[in-house]
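Visitor: Sequence:
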Amino acid sequence: MRLIKNLLALIVLAIGALWSLQGIGLVGGSFMTGQSRWLYIGIVTALVGLGGLVWANRSLP
204 MRLIKNLLAL IVLAIGALWS LQGIGLVGGS FMTGQSRWLY IGIVTALVGL GGLVWANRSL
264 P
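If you count the sequence shown from 1, position 60 lands on 263 in the numbering used here, and the numbers rise without skipping.
The reader is advised that the hints may include incorrect statements.
[What the hints assert, rightly or not] Here are the computed distance ranges between Cβ atoms for each label pair: (1) Ser262 x Gly237: 39 to 47 Å; (2) Ser262 x Gly228: 39 to 47 Å; (3) Leu253 x Gly232: 22 to 30 Å; (4) Gly237 x Met204: 35 to 43 Å; (5) Val251 x Arg205: 13 to 21 Å.
In case anyone wonders, no lab produced these hints; they're calculated from the structure. Built from N, CA and C at the ideal position, the CB exists for glycine as well.
Construct the entire structure; sequences and hints are all you get.
Guide: Shown next, in the form of structure tokens:
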């Protein structure tokens, strides 16, 4: 189960990073390219993915 949680969190983190890079114009080929709104959406999504990684790997008492 921990592996599945980690994989899902990594996918969300990667999508957030991609959206952020598209938002600042480093990755082209999409309607999101160069639109700052997607930078912010990507940052929030990446933070959710990072939080998911922390949650998936927390130590249980």
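Visitor: All hints, please: hold or fail.
Guide: Going down the list of hints, with the structure as the test:
1. Ser262 x Gly237: 39 to 47 Å: Holds, at about 42 Å.
2. Ser262 x Gly228: 39 to 47 Å: holds, 40 Å
3. Leu253 x Gly232: 22 to 30 Å: holds, 26 Å
4. Gly237 x Met204: 35 to 43 Å: Since the Cβ atoms of glycine 237 and methionine 204 sit about 40 Å apart, the hinted range of 35 to 43 Å holds.
5. Val251 x Arg205: 13 to 21 Å: Because 18 Å falls inside the window, the suggested range holds.
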